[in-house]
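I would like the entire structure built from these sequences, with the hints used as guidance.
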Amino acid sequence: MKVNVGNTTIRIERRSTLRWWQSAVASVLAVVVSLVLVGFAFLHVGASPVAVYREIIQYAFLSQYGLPQTINRAVFILLCAYAFIVPIRAGLWNIGMPGQVYAGMLAAFSVAYAFGAKTSVNAPIPGAIVIPLMVLGAMAGGALYGAIPGLLRGKLQVNEIVTTMMLNSVMLWLVAHMIREGGPFMGRTAEGEGFSLPLAARMPQLWNLPLTVYATLILAVFLSIVLAKTTIGYQIRAFGASPAAARYAGIREGFLCTFVFLLGGLFAGFAGYHYFAAVPGVYKIPKSYNDFGDFSFYGLITGLIAQNNPIAAIPVALLFGGVASGARFMQGKLRLAFGIDYALLGVLMLVIVAFQALAYYRLALERRVPAAVPQREIGESRVESPHH
Amino acid sequence: MSNLLTISLAAAAVFAIAALGELLEQRAGILNVGLEGVMLLSGTFGFMVAKTTGHYLWGFLVALAIGALVGLIHGFFSITLGSNQVVNGMAIWIFGFGLTTYVGYPYTGPLGLKQFPNLLGLPPFFILALVLAGAIWFLLYRTHIGLQLRSVGENPAVAESSGIAVIRLRYLAAVLAGALVGLAGGVYSLIYNPVWSYNYLQGWGFIALALVFFSLWNPLLVLLGAVLFGVLWQLSLYPELLFPNFFSRYLWRAVPFLITVVVFVVMSTRWFSLRWGAAKPQALGLPYQRES
Numbered sequence: 001m002k003v004n005v006g007n008t009t010i011r012i013e014r015r016s017t018l019r020w021w022q023s024a025v026a027s028v029l030a031v032v033v034s035l036v037l038v039g040f041a042f043l044h045v046g047a048s049p050v051a052v053y054r055e056i057i058q059y060a061f062l063s064q065y066g067l068p069q070t071i072n073r074a075v076f077i078l079l080c081a082y083a084f085i086v087p088i089r090a091g092l093w094n095i096g097m098p099g100q101v102y103a104g105m106l107a108a109f110s111v112a113y114a115f116g117a118k119t120s121v122n123a124p125i126p127g128a129i130v131i132p133l134m135v136l137g138a139m140a141g142g143a144l145y146g147a148i149p150g151l152l153r154g155k156l157q158v159n160e161i162v163t164t165m166m167l168n169s170v171m172l173w174l175v176a177h178m179i180r181e182g183g184p185f186m187g188r189t190a191e192g193e194g195f196s197l198p199l200a201a202r203m204p205q206l207w208n209l210p211l212t213v214y215a216t217l218i219l220a221v222f223l224s225i226v227l228a229k230t231t232i233g234y235q236i237r238a239f240g241a242s243p244a245a246a247r248y249a250g251i252r253e254g255f256l257c258t259f260v261f262l263l264g265g266l267f268a269g270f271a272g273y274h275y276f277a278a279v280p281g282v283y284k285i286p287k288s289y290n291d292f293g294d295f296s297f298y299g300l301i302t303g304l305i306a307q308n309n310p311i312a313a314i315p316v317a318l319l320f321g322g323v324a325s326g327a328r329f330m331q332g333k334l335r336l337a338f339g340i341d342y343a344l345l346g347v348l349m350l351v352i353v354a355f356q357a358l359a360y361y362r363l364a365l366e367r368r369v370p371a372a373v374p375q376r377e378i379g380e381s382r383v384e385s386p387h388h
Numbered sequence: 389m390s391n392l393l394t395i396s397l398a399a400a401a402v403f404a405i406a407a408l409g410e411l412l413e414q415r416a417g418i419l420n421v422g423l424e425g426v427m428l429l430s431g432t433f434g435f436m437v438a439k440t441t442g443h444y445l446w447g448f449l450v451a452l453a454i455g456a457l458v459g460l461i462h463g464f465f466s467i468t469l470g471s472n473q474v475v476n477g478m479a480i481w482i483f484g485f486g487l488t489t490y491v492g493y494p495y496t497g498p499l500g501l502k503q504f505p506n507l508l509g510l511p512p513f514f515i516l517a518l519v520l521a522g523a524i525w526f527l528l529y530r531t532h533i534g535l536q537l538r539s540v541g542e543n544p545a546v547a548e549s550s551g552i553a554v555i556r557l558r559y560l561a562a563v564l565a566g567a568l569v570g571l572a573g574g575v576y577s578l579i580y581n582p583v584w585s586y587n588y589l590q591g592w593g594f595i596a597l598a599l600v601f602f603s604l605w606n607p608l609l610v611l612l613g614a615v616l617f618g619v620l621w622q623l624s625l626y627p628e629l630l631f632p633n634f635f636s637r638y639l640w641r642a643v644p645f646l647i648t649v650v651v652f653v654v655m656s657t658r659w660f661s662l663r664w665g666a667a668k669p670q671a672l673g674l675p676y677q678r679e680s
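Quick mapping for you: the protein sequence lines, in order, are chains A and B.
Take the first sequence: its letters are residues 1 to 388, numbered as in our numbering.
Take the second sequence: its letters are residues 389 to 680, numbered as in our numbering.
To be clear, the hints were calculated from the coordinates, so they are not data collected in a lab.
Take these hints with a grain of salt, some might be off.
[Stated by the list, open to error] Okay, the calculated bits of chain B under chain A, using three or more residues with CB under 8 Å as the criterion:
no., region
1, 500–512
2, 590–604
[Claimed, not checked] Label-pair ranges, simulated between beta-carbon atoms:
no., chain 1, residue 1, chain 2, residue 2, range
3, B, 666, A, 335, 54 to 60 Å
4, B, 495, A, 245, 48 to 54 Å
5, A, 157, B, 460, 30 to 36 Å
6, A, 25, B, 604, 41 to 47 Å
7, A, 248, B, 604, 50 to 56 Å
8, A, 37, B, 496, 19 to 25 Å
9, A, 116, B, 460, 55 to 61 Å
Note that the Cβ used here is the ideal one computed from N, Cα and C, for glycine as well.
Structural data, given as structure tokens:
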């Protein structure tokens, strides 16, 4: 397609590949554009978007209350992003983060339950044993639940998008069964929420943050090494680039698909542990646990924006953690309707995908040398090609 | 019991209309995995308009229009820009989920319109679904344009060289499908369960997507599958009708989703997968670049 402006031709061309910085620019621009678009919602309630964003940043990154909240949310988002990134590197879509988060959460609380945690908040249970077991249980729970769609995809060619989504709903109702109407995990006094974790079984803190935050940073390094430097990481990329070629090269499809979902689910399971058993002020399966399930889809966007790079995902997750905690704060202050952070999530998703698609197109400017007007002879007819 | 059947058929209408739209589009080679998002958008805006104006008609018109518009956007990215259709579909789903959560929130609660009357004792939109299934079957297998549409989904390059306007047909399919899926969203939020709450659709869009795969891309089997899932969904809501005091009511709610996964497993057996592979439109999900 081309357009003539004066003696310059503007042509739209399609690139065959993108350089890393080109997609990085597209990602950053998409975030900026989305924040501006959502800013219109603030105008709608009569507040200046610039002032609102300044307050959000002030609260989320510079205040004593907001910053730990931001980091705790960011770690949750980051772990969910890893749950998405590992399979997508192999070209597979894990949208089962909510289910895997719930599975990890349930597994962690099952461990605590087995040690008699339900009896009282002061139950004397051996934290040094129970806490590590809860973490391992959560990772195993998320990994095993994640492995189901991976196995079905790898062995039976079942579409993983539909199965992960279906399994989300299955786990959603299983959690409801456990914590509501006399379910085994129902709190002793609370209605429709889980029992409170005993003090002895809560994750210790360092510098005002639970240890899971620091563990996540170690996991980030571990994941980047696995993806970039190991044989399995190479196989994952090869399978993502071309499943047929990878099969031809002897990569076992069933194993690989199961593995990526297993590893992804492990991160999501740990996210479930982190938010419900380690973040101060929660320490139970809350009534609104499904809010956090939906919130895990921020991981998907974080993965897309970070171009599936585990380290690049860290600042992106921090940004979204900040926006989410800041927006909740402003929501109360400005009496905004519920869900401005979800609106941002939706707008971001559309804009990021649009920008990444459009990044493949570039405008090429061509100066035409003014040519002499062609001499037209009488009787000669020029046929214009319809394509131009 | 007859009451259960009626409401099951009302649920079946939602599944069927959405899945028929998706089927039409997939037959032309376009995959939209974001049905859930389309239905959330059309259902929410339809609900808002119907509640504000007090008329069903405006609600349905808006649902149709929003669906068609989203179909057009999905078409633009998938057909013209040729970007990954799964990514586009996912974007539409998350966009729909995120935006409607915010926009619809002030409208939380019941619609408050007079209940929509039944027709011949049946939910009217189930009758529409019956008609649509027949019409789409007739369109695909008995008309010239249907043959063209299917050939576009099987092998667009060959279709193009035999003089079929591939791009135009794919756009037509995408917009028409979007309108149908949008209508299904409206039927859910205005008729089947006219109470808005955030993310109210609970995965129905994804079940409809699964139905298209189950049906081997046959509109009549889509209809059958939709009726089965409609009944199944109602039984999961009222399990005491069949199995009193067995499982908690929450566990029953998980059953339709579990059965979807089980059906997928059964369908992967050799007998099915051969037929499935043969029925699947060959160019499904693949972008088509016209050679210049």
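These are the hints, each one checked on the structure:
no. : hint                      : in the structure
1   : 500–512                   : violated (count 0)
2   : 590–604                   : holds (count 7)
3   : B/666 x A/335: 54 to 60 Å : 58 Å, holds
4   : B/495 x A/245: 48 to 54 Å : 51 Å, holds
5   : A/157 x B/460: 30 to 36 Å : 31 Å, holds
6   : A/25 x B/604: 41 to 47 Å  : 44 Å, holds
7   : A/248 x B/604: 50 to 56 Å : 29 Å, violated
8   : A/37 x B/496: 19 to 25 Å  : 24 Å, holds
9   : A/116 x B/460: 55 to 61 Å : 59 Å, holds
The structure shown violates the earlier hints numbered 1, 7.
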